[in-house]
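Number of protein chains: 4
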Amino acid sequence: MSLQKLRVEVFKANIELVENGLVVLTWGNASGIDRGKGVVLIKPSGVSYDDMLPGDLVALDLDGNVLEGKLRPSSDTPTHLALYRAWPEIGGVVHTHSTFATAYAQACSSVPCYGTTHADFCASDIPCIRALTEEEVEEAYEANTGKAIIEDYARAGLKPLEYPGALLSHHGPFSWGKTAGAAAANALIMESVAKMAYLSRNIAPGLRPEPEYITRKHYLRKHGPGAYYGQK
Amino acid sequence: MSLQKLRVEVFKANIELVENGLVVLTWGNASGIDRGKGVVLIKPSGVSYDDMLPGDLVALDLDGNVLEGKLRPSSDTPTHLALYRAWPEIGGVVHTHSTFATAYAQACSSVPCYGTTHADFCASDIPCIRALTEEEVEEAYEANTGKAIIEDYARAGLKPLEYPGALLSHHGPFSWGKTAGAAAANALIMESVAKMAYLSRNIAPGLRPEPEYITRKHYLRKHGPGAYYGQK
Amino acid sequence: MSLQKLRVEVFKANIELVENGLVVLTWGNASGIDRGKGVVLIKPSGVSYDDMLPGDLVALDLDGNVLEGKLRPSSDTPTHLALYRAWPEIGGVVHTHSTFATAYAQACSSVPCYGTTHADFCASDIPCIRALTEEEVEEAYEANTGKAIIEDYARAGLKPLEYPGALLSHHGPFSWGKTAGAAAANALIMESVAKMAYLSRNIAPGLRPEPEYITRKHYLRKHGPGAYYGQK
Amino acid sequence: MSLQKLRVEVFKANIELVENGLVVLTWGNASGIDRGKGVVLIKPSGVSYDDMLPGDLVALDLDGNVLEGKLRPSSDTPTHLALYRAWPEIGGVVHTHSTFATAYAQACSSVPCYGTTHADFCASDIPCIRALTEEEVEEAYEANTGKAIIEDYARAGLKPLEYPGALLSHHGPFSWGKTAGAAAANALIMESVAKMAYLSRNIAPGLRPEPEYITRKHYLRKHGPGAYYGQK
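Residue numbers (numbering that gives the first Met the number 0), protein chains in the order written: chain P, 0 to 231; chain C, 0 to 231; chain D, 0 to 231; chain A, 0 to 231.
Treat the hints with care, since some could be wrong.
[As the list claims (entries may be wrong)] Computed list of lysine to aspartate or glutamate pairs in EDC-like fashion (alpha-carbon distance at most 16 Å, straight line): (1) A:216 with P:138; (2) D:11 with A:135; (3) C:11 with D:49; (4) P:11 with P:67; (5) D:216 with A:135; (6) A:221 with P:137; (7) C:216 with D:137; (8) C:216 with D:49; (9) C:221 with D:137.
[Said to hold, decoys possible] Covered stretches of chain C (chain D as the covering partner; in silico rule of three or more C-beta atoms under 8 Å from a C-beta of chain D): (10) 30-43; (11) 64-70; (12) 213-221.
Quick caveat, the hints were computed from the structure, so don't treat them as lab data.
The beta carbon of each residue, even a glycine, is placed where N, CA and C say it ideally should be.
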């Protein structure tokens with residue numbers, strides 16, 4: 000992929016966050032990576048989505064050195080880079096403060112799988128990552144945010160592309176995918192699923208997750224080896 | 000009706016789902032049938048609503064054989080076909096994951112009739128269809144989803160056009176009507192009614208359904224033999 | 000006022016209901032009256048807001064005789080007419096099924112005055128009108144809906160222009176004002192106030208109405224003889 | 000700054016309130032001050048946002064004398080002026096009745112800091128200002144509203160630009176900032192943060208504020224001397 004094509008894709012993913020109501024003001028960012036070139040493109044920090052142009056995206060290497068761009072990259076860049084370094088299978092990362100996903104994150108609660116909408120995304124809870132310790136916050140807040148995600152996933156044996164998004168305790172959602180566009184779609188899915196979970200639990204306090212055989216079926220018809228959802 | 004007219008109608012019904020905020024990403028589909036020709040037109044699977052054109056709708060016979068179209072039909076096609084085969088009086092079917100209707104479905108709860116907005120739609124609870132068994136899920140998930148709806152309606156003695164929509168346990172709403180457009184309107188009504196029911200029950204925990212004589216009056220002034228709502 | 004001017008005003012009031020998100024499908028109607036001519040203009044029944052033109056409004060006298068128009072008037076016309084006959088000071092009436100106001104109506108609950116937004120509208124609870132009896136429903140549902148509002152207002156000593164809107168038990172909100180436009184604005188205010196009341200009560204269960212001296216001050220600075228809100 | 004530049008900025012801040020869904024009808028106002036000239040520009044009272052033009056803004060001195068403009072200034076003008084007089088560091092003030100912030104105000108509840116979205120705004124609760132006494136309401140309601148904010152801030156040792164917004168008991172939010180635009184952005188932030196707090200507390204009743212070391216880190220990375228959020 001040429002860098003220009005990646006630039007368009009990352010720019011579009013950023014704009015979609017706003018159009019889908021996931022980002023207020025500058026509370027969100029999307030990035031994408033060209034694995035061959037080792038180049039990450041990410042939103043500049045604190046720049047209004049109304050004013051941002053494709054050329055404003057900042058190009059970095061995986062160690063965070065700026066390769067191109069006059070603006071400072073998103074303050075969350077170290078989190079994005081940590082995920083790219085740990086997980087070679089991902090190609091895009093998104094962070095938002097979308098309302099219901101953030102509400103669950105603030106409550107330090109994972110999102111239970113109450114139905115098939117959720118099961119189409121992942122086959123169990125949307126994970127809630129542990130809070131950082133005071134030391135981790137002081138030392139390198141954003142890089143350690145990435146570290147906490149990676150550690151929690153490793154500990155629980157979760158594969159990044161099977162659970163393509165998580166909630167950061169006290170903070171909000173991060174999502175990822177094979178491309179920046181997929182990561183942005185996953186941000187929208189997490190918000191929708193979190194909202195429905197919130198409502199279902201208010202309708203039926205003490206609600207249990209749906210039966211595992213339904214979850215599995217839905218997940219596999221969309222993502223399994225014999226998936227038959229979507230076009231070939 | 001010419002197939003082209005049906006095509007426009009089914010296409011429009013699909014687009015209305017998005018415009019009315021009932022569908023996120025590709026989480027929904029509408030179909031319509033030409034009973035004379037025995038042809039069903041349905042949304043292609045996993046195709047973005049932004050990119051979809053009327054010509055992308057897939058034409059099938061009632062056994063699911065593709066008659067026309069280059070794309071795969073919606074993965075929910077067997078549910079649509081089962082309803083068309085069982086209920087000759089319906090001409091359109093819609094499935095969405097709209098927020099409040101899905102929240103009730105996830106809670107495996109029917110929607111009680113708390114007011115006249117609901118009574119204008121149907122004269123009692125919006126039914127919640129039983130969950131499929133593990134065997135039914137494994138064997139033929141989508142076709143058995145249709146079977147469960149049809150069985151529950153038969154068991155409860157509900158007429159499809161008098162209860163033109165139901166919630167699938169753990170899943171979401173299906174609706175239908177004489178046309179695809181009517182089915183799409185019913186999807187919007189179910190979502191609105193479910194939202195109001197959710198709020199009313201939070202305002203007054205333990206709320207009872209409205210008196211039956213009010214429900215009956217409202218239902219009949221719109222749908223009964225002496226209906227006087229709307230134009231002749 | 001010429002009938003054409005009234006026609007534009009009533010048409011605009013109807014459209015505003017949709018634009019302000021108070022009306023889904025055809026669930027609402029606005030009317031206005033020319034007191035000099037004794038003519039009421041009202042939305043036709045069950046006609047889509049997208050297709051409606053100013054010329055589609057139906058002209059009636061206060062007894063409900065159609066003076067002009069090819070379409071049937073709103074099925075709620077007898078309620079509108081009852082209010083116009085009882086209350087000579089009002090010039091417009093609106094009915095909607097807006098979400099939060101309807102949720103309170105379904106819960107048969109008035110809306111307590113929790114803050115100054117409410118106090119700018121009326122100086123105490125937004126009243127919830129009693130449910131109709133079975134006999135009243137059977138005999139003349141819509142006319143008796145008007146009768147119930149008028150009786151409850153008389154019994155409680157409420158002046159229509161000081162409490163320019165009420166909730167009908169099990170049903171939804173009606174509002175009115177000196178003009179159709181004022182009635183439409185009051186419909187929007189009732190919905191906003193009901194939503195805020197719903198949220199406040201969830202934040203603070205057992206919440207009491209705000210102190211009466213604050214309510215009075217806010218109401219009077221906008222509506223009292225020494226009002227200083229707005230332009231002269 | 001020329002008065003024309005301030006006029007554009009204050010006008011834009013007012014319009015943004017509507018575009019961001021914070022203001023219904025005329026329930027809100029923004030002002031800005033030119034400290035050099037001692038001139039405040041503020042929205043005229045009760046004028047529709049649809050009809051308002053930049054030239055309709057009213058110019059006042061800090062004592063409330065109208066310097067320019069044919070319309071009456073916002074009825075909340077004395078509150079704005081009190082804040083400008085007490086706090087020389089602020090350049091803009093905004094008042095709205097936005098839904099969730101007002102719901103908290105009506106519940107006389109501050110908004111606890113449940114997460115980093117909040118911490119990016121201020122480093123502890125969003126304060127809820129005491130209710131006015133009956134005497135204060137009768138004597139000079141709007142001026143005393145400003146007085147109550149200023150007194151509560153002084154008593155609690157809060158700096159206006161570190162807590163750039165507060166809830167008025169029974170009423171709604173006021174916000175401020177170095178400019179009218181910053182005050183308008185703060186109004187949007189308060190609404191978003193209040194909504195998320197509402198949801199988080201419903202997800203996890205009894206939820207405690209997030210650890211102070213996370214709050215401090217987020218606040219300081221955006222507002223502290225070593226802030227690294229945004230562009231230089």
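Each hint tested on the structure:
Proposed proximity of residue 216 of chain A and residue 138 of chain P is supported: the alpha carbons are some 11 Å apart, at most 16 Å. About 42 Å separates the Cα atoms of residue 11 of chain D and residue 135 of chain A, which puts this hinted pair outside 16 Å; it is violated. Simply put, residue 11 of chain C and residue 49 of chain D have alpha-carbon atoms about 14 Å apart, close enough for the 16 Å limit, and the pair holds. Under the criterion of a C-alpha separation no larger than 16 Å, the hint pairing residue 11 of chain P with residue 67 of chain P is inconsistent with the structure, at around 19 Å.
For a cut-off of 16 Å, the pair hint linking residue 216 of chain D to residue 135 of chain A stands: about 11 Å separates their Cα positions. Taking the CA atoms of residue 221 of chain A and residue 137 of chain P, the gap is about 15 Å. The hint holds against a cut of 16 Å. Distance restraint check for residue 216 of chain C and residue 137 of chain D: the Cα-Cα separation of roughly 8 Å lies within the 16 Å cut-off, and the hinted pair is therefore satisfied. For the hint pairing residue 216 of chain C with residue 49 of chain D, the CA-to-CA distance comes to about 28 Å; that exceeds 16 Å, so the pair is violated.
Annotation: proposed proximity of residue 221 of chain C to residue 137 of chain D holds, straight-line Cα distance about 15 Å (limit 16 Å). Counting residues of the segment 30-43 of chain C whose C-beta sits closer than 8 Å to any C-beta of chain D gives 0, which falls short of three, so the coverage hint is violated. Under the rule that three or more residues need a Cβ within less than 8 Å of chain D, the assignment of the segment 64-70 of chain C is violated, with 0 such residues. Chain D is given as covering the segment 213-221 of chain C, and this holds because 3 residues of the stretch bring a CB closer than 8 Å to a CB of that chain, at least three being needed.
Violation of the numbered hints given earlier is confined to hints 2, 4, 8, 10 and 11; the remaining hints are satisfied by the structure.
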